[in-house]
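Spelled out, the chains give:
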Amino acid sequence: KQEVTQIPAALSVPEGENLVLNCSFTDSAIYNLQWFRQDPGKGLTSLLLIQSSQREQTSGRLNASLDKSSGRSTLYIAASQPGDSATYLCAAFNNYGQNFVFGPGTRLSVLP
Amino acid sequence: ETGVTQTPRHLVMGMTNKKSLKCEQHLGHNAMYWYKQSAKKPLELMFVYNFKEQTENNSVPSRFSPECPNSSHLFLHLHTLQPEDSALYLCASSPGLAGYDQYFGPGTRLLVL
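Taken in sequence, the protein lines are chains Z and X.
Residue numbers are given in our numbering: position 83 of the first sequence equals residue 83, and the series is strictly consecutive.
Residue numbers are given in our numbering: position 51 of the second sequence equals residue 51, and the series is strictly consecutive.
Keep in mind the hints are simulated off the structure, nothing from the lab.
Here are some of the chain Z residues that sit facing chain X, going by a computed Cβ distance under 7 Å:
hint	residue
1	K42
2	L44
3	L49
Just so you know, even glycine gets a beta-carbon here, dropped at the ideal spot from N, CA and C.
Given these sequences and hints, build the entire structure.
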């Protein structure tokens, strides 16, 4: 059974700092991995989707990498801004399943 | 309206009430999902529908009853809920299964008294 963990659970950084969020999964037989952002009490917004054949995806100040062999993905946020404050979730989609397994999330606070 | 919409946004109900949550997607997608998000727990998949057919029931208690009349609408009928069912219920849609990008609605915040 796939399990997804995220470290750290919470992170507080000053504005302008570059930061890395970590996601680990136990079963490397994934179809793809997706990063989401969730603002308090709101739904999820998709940030990046990495197919299993890809190593990374980039969108603006965000870069996500995927290493299937080690069961890890990282989300790199460059030049963080207060508007980046949110909970970031990763989710792994298994080859044999029909759904994403979500991690518990990392709650990010970017201080002005 | 665009994207995925959910109504109501907030709901308070007693344990003996019957209520329904509604989700509608305007993206032309074929797959729809219900998720439950409780405090301090990862997002939990409840049900998956693909082309109106239920393809996944993730061991959800029978007091939750989904309905998918067409590919654009998804309902979650609630009856005799328990206080521990209080949570944020999220609906999502995707073009198909097999790990397509999922688009989420804003959620319904449910409180069971």
